[in-house]
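Q: Sequence:
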Amino acid sequence: MSRGEPLTDADRAGWLQALAEHETAKPPTSSSPHLVITCSALKRHYRDILRLGSEHAGDLRIRFIFLSAPEDVLKKRAQERKGHYARENLVHSQFEVLEEPDPKKREEEGGEPDVLVVE
Numbered sequence: 001m002s003r004g005e006p007l008t009d010a011d012r013a014g015w016l017q018a019l020a021e022h023e024t025a026k027p028p029t030s031s032s033p034h035l036v037i038t039c040s041a042l043k044r045h046y047r048d049i050l051r052l053g054s055e056h057a058g059d060l061r062i063r064f065i066f067l068s069a070p071e072d073v074l075k076k077r078a079q080e081r082k083g084h085y086a087r088e089n090l091v092h093s094q095f096e097v098l099e100e101p102d103p104k105k106r107e108e109e110g111g112e113p114d115v116l117v118v119e
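Numbering (this note's numbering), first residue to last: 1 to 119.
Hints in this document: simulated from the structure, not taken from any laboratory.
A virtual CB, placed ideally from N, CA and C, is assigned to each residue, including glycine.
Check each hint, because a few of them may be wrong.
Derived lysine-lysine pairs resembling DSS-like cross-links, with alpha carbons at most 27 angstroms apart [unchecked claim]:
#1 Lys43 <-> Lys76
#2 Lys104 <-> Lys43
#3 Lys76 <-> Lys105
#4 Lys43 <-> Lys105
Per label pair, the in silico range of CB-to-CB distance [as the list claims (entries may be wrong)]:
#5 His45 <-> Val117: 27 to 33 angstroms
#6 Gly14 <-> Asn89: 33 to 39 angstroms
#7 Arg81 <-> Glu119: 28 to 34 angstroms
#8 His84 <-> Glu55: 16 to 22 angstroms
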């Protein structure tokens, strides 16, 4: 990404698997039962990998928050960032692979009811 090249599914695979495995790791000294992980999870398949990780984590319930914004708004925000490795030219590539979740449909209908969409 620092070279201006978008990540591929293969690039993301190891990272997503590491996040899914992290969901099951409970530090013995943790004083909080909560775990917050942030990542783009642009495709449903990526979110499904994280969902599978939570299935092996006992009582962990996973929820997703989808921050919805128009491409031009996100491009402007990226342009205004100083010193960030991901430049504004990557915003479009993320929209090209984005699979927006539909929390209004039931899971059997292809929906993702565990996603909260915030505009």
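Q: CA of lysine 104 to CA of lysine 43, is that 27 angstroms or under?
A: holds, 17 angstroms
Q: Okay, glycine 14 versus asparagine 89 on CB: inside 33 to 39 angstroms?
A: violated, 24 angstroms
Q: Holds or violated: lysine 43 with lysine 76, Cα cutoff 27 angstroms?
A: holds, 23 angstroms
Q: A range of 27 to 33 angstroms was offered for this pair. Does it hold for the Cβ distance of histidine 45 and valine 117?
A: violated, 19 angstroms
Q: Given the proposed pairing of lysine 43 with lysine 105, does the C-alpha separation stay at or below 27 angstroms?
A: Distance of about 17 angstroms is within 27 angstroms: holds.
Q: Lysine 76 and lysine 105 were given as a pair; does the straight-line alpha-carbon distance stay at or below 27 angstroms?
A: violated, 32 angstroms
Q: Please test the hint of 16 to 22 angstroms on the beta carbon pair from histidine 84 and glutamate 55.
A: violated, 34 angstroms
Q: Regarding arginine 81 and glutamate 119, is the given constraint of 28 to 34 angstroms on their beta-carbon distance met?
A: violated, 21 angstroms
The earlier numbered hints that this structure contradicts are 3, 5, 6, 7 and 8.
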